[in-house]
Every structure is written in structure tokens, then in C-alpha cells.
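J.: Chain by chain, the residues run as shown.
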Amino acid sequence: MKRLFAWTALVSGCLFFLLPLIGMTEFSLKMRRGVYSFDAYVRVFEDPRFWETFSYSLTLAAATIIFGVLLVVPTAYWVRLKLPQARPIIEFITLLPLVIPAIVIVFGYIRLYNTSSILPLTGSALGTDILLTMGYATLALPYMYRAVDTGLRTIDVATLTEAAQSLGAGWFTILARIILPNVMTAVLSGAFLTLAIVIGEFTMAALLNRPAFGPFMQLLGANRAYEPPALAVIAFAITWGCMGLIQLVTRFSKHERAKA
Amino acid sequence: MAFLDLSKLEKTFGTNRVVKDFNLGIDKGEFVSLLGPSGCGKTTVLRMVAGFETPTSGSISIDGQDVTDQRTNQRAIGMMFQAYALFPNMTVADNVAFGLAVKGVPKAERTARVTEMLQLIGLPDLGSRFPFQLSGGQQQRVALARALAPSPRVLLLDEPLSALDAKVRVSLRNEIREIQRELGITTIFVTPDQEEAMSVSDRIVVMNGGIAEQAGAPFEIYNNPRTRFVAGFVGTLNMFSATVEAPESGLLTLAGQSLTLTKTAIAARKGDTVTLALRPEAIQLGRAEGRDFVLPATIEEVHFLGSVIRIKARVAGTVVALDTFNRPDQPPPPVGSSAEISFAADDVILLPE
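Quick note, the sequences are listed as chains A and B, same order.
First residue of the first sequence? That's 1 in the numbering used here, and the numbers climb one at a time after it.
First residue of the second sequence? That's 261 in the numbering used here, and the numbers climb one at a time after it.
So that you can see chain A by itself, here it is in the shape it has in the complex:
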């Protein structure tokens, strides 16, 4: 009886998530009357704005990941090694982006970094891109920090650090050659989550008036019928591709298997 309930709950859950996806995919294939076709997808891929906005978002995602890794890995490492008492504070700070809406953050940015401020980042395209990268890094912070922190929990950070120090290594060598490679899977999962967030983000990019993929999806959704669900399916495929990559990296990382 218990097993029946479990299976019912599982099947219901799957249907709840899968039915809208199946419906959306089916609708995206109905552009040509009476037959299923990939016309909507072809239209999307033929649109030069798709490639422009997608490559822009991809570039910013890469910048966000690099900045996020440089910020989060040393911070999480230092908190674990030297400041365990500061952990609750850091965790609270990293959770703030989940509580504060992106629109509040971006309005704060515009107010602080407008053309009449000391640091007029919004005055140039590059400056705004930097600002947008910082914004994306803030949005991805809860995911990146938790992923890295979980990775650090699987290794004996203190002893490995001391072992490396006793062999003559300095902080940079320890971080680059010992800590980072040992939490690489965690960093990559954080990186892929960041990529997924950046690709679909709308609010910040729209309000900072940058040609990102999120505003393009919104624009297409407001004006077309079949292309938006096709675009949504593409976005899902990218996200799932990222998840698959995480699994793949874990499987091919030889020393990581020891932890499993």
C-alpha cells in the first residue's frame, strides 16, 4: 500500500512538471498548419538577434563565473580555515540575493553608479557590462557559495593546507594547486548554475539596457506566437545540457570518485 502511494506521488509530481513542458514543446512544433515541423526553431536560429544576444549573455556568463570563482573560493576557504565563527554571517550575506528582488538591486546600482556619481559605470557600454556582471555575480552568489562550501566540506581543508605549507607552499599555490582542483566539481556545478541564471536573466539586463538573451526572449514572446515556446525549449535544453555536463565532469574526474 505504502509503495502504491509512493509511486502515485512520484507519477503525479512528474506529470506536474512534464505536462506543461510537453504541451509547450508540442505547441512550438505546430507552426506549420496540420503537421509537426521545426519551423519555429529555424526562425529563431535565423534571427541574427538570437546569436547576438546569446553570445553576449554567454560572454557575460563567463565573466560572471570567473569573478564568482575568484570571489567565492578564497572566501569560503578562508571562512572554513580561519573564521568558522563568521560562517553564519557569510551564509546570511550570500542568501540576501534570494530575498532582495533583482529590481531593487539594479535600481540601487543605477542610483549608485549613474553618470553623475563618483564611479559613473553606466556612462559607457563597458562600464555597464561590468555593472551587469557584478549584478549577475550577486544573483548567483547563493548557488555558487553553497556549491563551493559543500565541496570544501568533502576535504580536510585544514590538514591539506598545513601539509602544503610544511612543503613550502604559499597561499596562492595552496589555493591554485590543492584547494581549487579538489573542489573543481563543486565549482563547476556552481558555474553551470550561474550560466543558467545569466542566460535567462531579464530584469537587470533590461533595466541596464543591455542586449542580453533574457530581454530578447521577452521581446520575442510579446510579438510572436510559435517562436517563444521554441526559444523556451532551447533555453531548457541549454540548462539541461549544463546539468549533464556537471554529471559528466564528476564521472571523468578520477580522484573525485574516491569521495563517492
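Bear in mind the hints are in silico, worked out from the structure with no lab data behind them.
Just to be clear, a hint being listed does not mean it is correct.
[As the list claims (entries may be wrong)] For the chain A half of the interface with chain B, some residues (derived, Cβ under 8 Å), not all of them: (1) Ile155; (2) Asp156; (3) Leu160; (4) Ala163; (5) Gln165; (6) Ser166; (7) Leu167; (8) Gly168; (9) Ala169; (10) Gly170; (11) Ile178; (12) Pro181; (13) Gln247; (14) Thr250.
[To be verified] Calculated pairs, BS3-like style, for lysine-lysine (alpha carbon to alpha carbon, straight line, at most 27 Å): (15) Lys82(A) / Lys280(B); (16) Lys82(A) / Lys363(B); (17) Lys268(B) / Lys288(B); (18) Lys367(B) / Lys288(B); (19) Lys280(B) / Lys268(B).
Note that CB positions come from ideal geometry on N, CA and C, so glycine has one too.
The hints should help you fit chain B onto chain A, whose structure is shown.
T.: Leaving out everything else, chain B in the frame of chain A:
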């Protein structure tokens, strides 16, 4: 001046004084063990030598150079940890080569040194394996090779055998000692295990409550403990209360019989009570030549340990442990039977009050 000199070392954590006025000089090539119960400060001393802890006061010098304020990575030390601490992302060869790579040693030289080190620890074919593919004993051997590869001035061993099973512990401790002798490297070994410390050390420092209670060769520490703690911590000890009859001649009364101590004059007055101690191997079951002091006993426990039989007997109201060698023609006495024990006055240790 000693090669490694620890002078007036103190370490305080908050209000807790963990190490108090610790002084120790270690000669080049010497193997010294810091022995004591957990919380006695032995690991803190080792960590101060390594540079992981900064002394509250005092100084540390290696080969005449004051290293008290130097960072760990500038001290040229090698260290083995209880938890192996091999880098999981690197192969055995890369682990061993790590210290050399940090020093900027050219690749060809590095490879040769790694081969030499892997041969030294008896694992020449395991260079391409990852740590998780090795047993605990193999991992600790690799950790030793890694620590030795950059030719450190001092080797620090922080309870490296604690995580291993009994058989591996014995063989590995002997291997470590052999390699240490071969390379002539100055070594500090921290352990709570007295047998381990006694079997491999040139000298043992017995620590208690943050101070060094006694330092000396294992033979000296075992046979002539200077404090009650050392006597009790190192080896098993049977203790008796005796009354002083004539302090100048060493005459005492024990269980109503007279006993004259030949080794030590008694620093007590007539009528005082003193504590005498005897090692289990100093007590003989039954009468024996040269063991003049005989007491009646009742056998309470018999533990057959293979080559040795440990017997617990009640003597003058006290339970004493004594060891006899196993002889097939001489079965151990039954529990509850009456017997006699004997010992020589020379074997009696007079414990300071």
C-alpha cells in the same frame, strides 16, 4: 647549542596555558619522542616547531637560526600527519614531487628524486596511483616520502601511526626509524603510545599538563622515573605503601616484613609512609634465587597473552600485576589458589611523594 633548540616555550589559548616553560635541545640526527596523555601539550609543541602555532613566549631555533617568527613554508621542515593528508587530486608521484616543485627544482631532478624516494619507502611501482587507491599503510609511507623529498632540516611526526591497524603500526614505525637513521634526519615524534615511543626513540620527553616531566633515554625513563606521573604513565606499575624504619640505611617495613633498599637513600623520617613501585616483570611467581623478599599472595586473574602470562594477585591488600614467560611444562596457577611472590630489593623504585 643543540641543532633544534626550544627555549622557554609557552603557549596560551585564552586563559588556558597549554605549554609551560618548555625547554628542549635536540641534536642533529636525534629521534626524540614527545610522549603524554591527550591534552598534555605535546601536539602544541610540535605545531609550534612547525610554525602552525605562534608561541606566546620563548624561542625556537633550527641549526642556530631563530625561526620563531618565520612562517611554516620558510622553515624547511617535513611533516607527517595522523590523517595522511595526501593531496587527493594528485598521483603518488605528484604528491612526492610537490615540495620539490614548490622549491623550483627542475623536472628531471624532480623525477629522479621521486624515484629515489619511492624506492626508499618500498613502493617503486605505485607512482601513477591516486591516494584513494592505496591502503592506509601505503598512504602513510607516501606521506613520509613526500615529507622527506625536499630534504627538510627537521622531520615532524604528528601521531602518524594512530590511524593504522596494530600490525601495520609496528612494521611502519620500524621502517620510519630505519629510514630516519639512514638519512640522519633530526626527528620529533608525537605519540600517546609509550610502547611506540620506547621502541623507536633515542630520547623520550614525557609531558604532563604542559610541562616536560622527564626527558631521557627509554631505558632511563622506564627504570628510573623521576616523578610519580612518569612512573605511572610509562609502563605498568604496582604500588605498595611501606613504613620507614631507618632512612639512612634504607630500611623499611612492607606488609610486616623488613626490606632494605640498596639503590636509594630514603629522604624521609622514621615512621613516615613512602610509596614503593615495582614493574610487573620484576615480580616472580614463587621463590627464586636473588629475589629475597617473599610475600604471600592469592591469585585473582590469569591472562594468557601467548609468550607472556599476566597474573593479577592480591598481596597485602593490594592487587599486583606480574608477568611470567609462558613455559609449556609450567601451566599458570588456577584462579583463587594461594601462592608466593618474590622480588629483589634492587628492583624497587622509590616514588617521590
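J.: Checking each numbered hint in turn, tell me which of them this model violates, lowest number first.
T.: Hints 13, 14 and 18 not satisfied by this model.
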